[in-house]
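Student: In case you want the letters, here they are:
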Amino acid sequence: MSDLLAARAQMGTSLAFHIIFSALGVGLPLLLCIAEGLALWRKDPDWMALTRRWTKGFAILFAVGAVSGTVISFELGLLWPTYIKYSGSIIGLPFALEGFAFFTEAIFLGLYLYGWNRLSPRAHWLCSFPIWISGLASAWFIVSANSWMNTPAGFQIVHGKITGINPFQAILNPSTPYQTTHMILACYVATGFSVAAIYATAILRGKRDGYHRKGLMLAMAMGAIVIPLQIISGDANARFLASAQPVKFAALEGIFHTQAGPPLSIGGLADPKTGKVYYAIEIPHGASLLVNGDLNSVIKGLDSVPPGDRPNPLPVHSSFDGMVASAFFALFIGLVFWLLYFSHKRVVPENRLLLRGVVLAGPLSFLAIELGWMVTELGRQPWVIYAMLRTKDAVTPAPGLNITFFIFVGIYIILSITLVVLLLRLARQPLPKLEWPVFEASSGEESEEEVGIR
Amino acid sequence: MTLAYAVLALLWLALIAYATLGGADFGGGVWDFLAFGPQAERQRRLVGQAMGPVWEANHVWLIFLIVGLFTAFPIVFSILSIALYIPFLIALIGIVLRGAAFAFRAHAAHAVAISKVWGRVFSTASVVTPFMLGTAAAAVASGQIRVQGSQVKTDLLTGWTTPFALVIGAMALSLCATLAAVYLTVEAEALKDTQLVEAFRLRAMIAGAVTAVLGALGLILSPSQAPLLWQGMLKHAIPVVLATMLVGLCTAASLFLRRYRLARISIVIDTGFLLGAWGLSQLPYLVPPDITVYNAASPPITLLAFLISTAVGMVILLPSLWLLFRVFKGRNPVPRVQGQSSINSQNVSAPRR
Chain A
0 MSDLLAARAQ MGTSLAFHII FSALGVGLPL LLCIAEGLAL WRKDPDWMAL
50 TRRWTKGFAI LFAVGAVSGT VISFELGLLW PTYIKYSGSI IGLPFALEGF
100 AFFTEAIFLG LYLYGWNRLS PRAHWLCSFP IWISGLASAW FIVSANSWMN
150 TPAGFQIVHG KITGINPFQA ILNPSTPYQT THMILACYVA TGFSVAAIYA
200 TAILRGKRDG YHRKGLMLAM AMGAIVIPLQ IISGDANARF LASAQPVKFA
250 ALEGIFHTQA GPPLSIGGLA DPKTGKVYYA IEIPHGASLL VNGDLNSVIK
300 GLDSVPPGDR PNPLPVHSSF DGMVASAFFA LFIGLVFWLL YFSHKRVVPE
350 NRLLLRGVVL AGPLSFLAIE LGWMVTELGR QPWVIYAMLR TKDAVTPAPG
400 LNITFFIFVG IYIILSITLV VLLLRLARQP LPKLEWPVFE ASSGEESEEE
450 VGIR
Chain B
0 MTLAYAVLAL LWLALIAYAT LGGADFGGGV WDFLAFGPQA ERQRRLVGQA
50 MGPVWEANHV WLIFLIVGLF TAFPIVFSIL SIALYIPFLI ALIGIVLRGA
100 AFAFRAHAAH AVAISKVWGR VFSTASVVTP FMLGTAAAAV ASGQIRVQGS
150 QVKTDLLTGW TTPFALVIGA MALSLCATLA AVYLTVEAEA LKDTQLVEAF
200 RLRAMIAGAV TAVLGALGLI LSPSQAPLLW QGMLKHAIPV VLATMLVGLC
250 TAASLFLRRY RLARISIVID TGFLLGAWGL SQLPYLVPPD ITVYNAASPP
300 ITLLAFLIST AVGMVILLPS LWLLFRVFKG RNPVPRVQGQ SSINSQNVSA
350 PRR
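Taken in sequence, the protein lines are chains A and B.
For the first sequence, numbering that gives the first Met the number 0 begins at 0 and goes up steadily by one.
For the second sequence, numbering that gives the first Met the number 0 begins at 0 and goes up steadily by one.
Hints are computed from structural coordinates only; laboratory data are not their basis.
The beta carbon of each residue, even a glycine, is placed where N, CA and C say it ideally should be.
Every clue listed holds true.
Negatives, chain B to chain A, calculated, CB over 12 Å:
hint, residue
1, Trp11
2, Leu12
3, Phe35
4, Arg145
5, Met204
6, Ile205
7, Ile237
8, Val239
9, Leu241
10, Leu279
11, Pro283
With a cut-off of at most 30 Å between alpha-carbon atoms, the simulated DSSO-like pairs for lysine-lysine come out as follows:
hint, chain 1, residue 1, chain 2, residue 2
12, A, Lys391, B, Lys152
13, B, Lys152, A, Lys160
14, A, Lys391, A, Lys272
15, A, Lys275, A, Lys391
16, A, Lys275, A, Lys299
17, B, Lys328, B, Lys191
Some, not all, of what chain A presents toward chain B, calculated at C-beta under 8 Å:
hint, residue
18, Val70
19, Ile83
20, Phe99
21, Thr395
22, Leu414
Just chain A, with the same shape it has in the complex (with noise of 0.2 Å):
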């Protein structure tokens, strides 16, 4: 491996990793505040156990999200240091402030965690709302900067310098609207998909009671109501790209040639090598129609840039297709299930084939959510910052990319083998006696003891 790719190797897999940390650290804290406001309002204690369990799994995740949150910004210094060089006095400012909405909800997730013997009921539900508003500002200046390097904005080259610097005019790029709602859609997505599709497995096992239903119920709602929502902001950012960043936009749809009405290909595989993409249905003008709402409308191709700036369509093309058909299938998932609900008198659907179904939907969000990502940085190459900094110039000169790459992978690897041993594990334990008051009566691990739901 050359040491670039190996650096795009390393930073990919860190980012890959890292985003499922980050996704459910915006969703869960809000599942977390709907769960205990639940509880408390209702003085349900399903709602309270569902809160503990959630919280035990979500301090393991939010710890492995922060240390490999960690990797991240260091790695923008070691394998990019000219990029670090280039961005740091235009983009850095919401780095910066995503590290204070950060440390907002490092601070009172450990009040939230640690605290539910030491501050009252009310006082520790109150601090689970920091969390999820910190979750989702961190998630907005992180996004805005990845969008700034999409389009970049707010400073001047002159003669090769970089001048006219500002700061707020960069954050607030043109892409950022598009990018950062669609991430921050995707994480409620995601964390609503995946927390169903645990409820649904134990459904399907044959725990039929009303702590896994509410589970199931509650997780469901936040994804159902947001995959329309998301799909509806993945139009708008097609669109978006197709006049901000036409080589993308060709790319992700397998466009090799700028032309008047060109089709719709989906599926299939996009090869650089003939110009053709094959094996695809193809919707004649359909890219055109969805671009402009006009059939016969001009799309730029990839042909429309010299063949140097050109990405390789065929990953952007088939993640893209991939990102599109999760979300499609959340969406029939989500919309079945509380159609069933609704004309069923408000029971709990147990049909077994819509539960494996929304089973799938939760990986299948989190691989849209990859996927996404694939698209968003694999289109931009081979730039790191859009039409200013190649990639290839931004790496670092030091040596040895190869050993730090399976290093880093090997590290991850083992964490997330021990996160997946320790949340079975944590899913299997038997649930806490379940009567209200739970507060005074438990307080975390011991009362996990008494013997509960197998």
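Since the structure of chain A is provided, determine the placement of chain B on it from the hints.
Tutor: Structure of chain B alone, referenced to chain A:
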């Protein structure tokens, strides 16, 4: 110019905060590493209990430092990332493993094997990381990182492998251990565990003495190994260096007199003076001898934006931090609800069904 120094002062305060808070968490890991004898389990539990609610917030000071450097002095971040690639990489691996291991161990509940293995990882990573960060700091201070234009001219081993750097690395490690031991005397006192209080008092005094010896050794080595630092110190940091020594003696005295809360304040001030002395000695260089504060700083608008957003951020942050430390480190850190509630009272040996 003034703006650049204002931002630098802010980042230096963050460095002090990271050293006194995050450093102590590494120090906790050091004592976990060194725990032995019949008390070992209780010591480890105390460390875990003390760190649990706060370590993640403490860790964010490091993130703040990195993003602050990135924003306000991007070229310094870039240069250090190239010149100190190896120590940063090792420290980074240490940081990842330390944090993950702590969480895994704390939440492994009844998974004895997992808890044991990750406990080992936690303590080992806690020893390695501050040492590497110390050598990296020494490499910067020594003035051996050379830059031409904006190209780093030194190889991967320069600066951080010298005797001076190794001494400072060891000193960083023992300082973390001292901080942790002093804090743990207060924690143990709150639990009314006299045995533990005495154990950590002794450890604090030994680690403090080791730190002082290593500090003196570093001072002796610096005229030859870090001449710019030495001259800078003679010029404008002598009072702070003296204050560091004096407050160090105060810490020792308050430990000796078993005034643990006083010792805690004293060691924090001492660490602040120590890092302050380093900072003052280095001025006007950020990476001596080629990069000064002035020629590394971002344009004024970026610095101003950073200062303003930090001010706004602090309005949220400081009360939150105050709340966190009041709830968990206040004068009466006794659970509101009585009973078996301390987080580490989980019985590791309880059988699984």
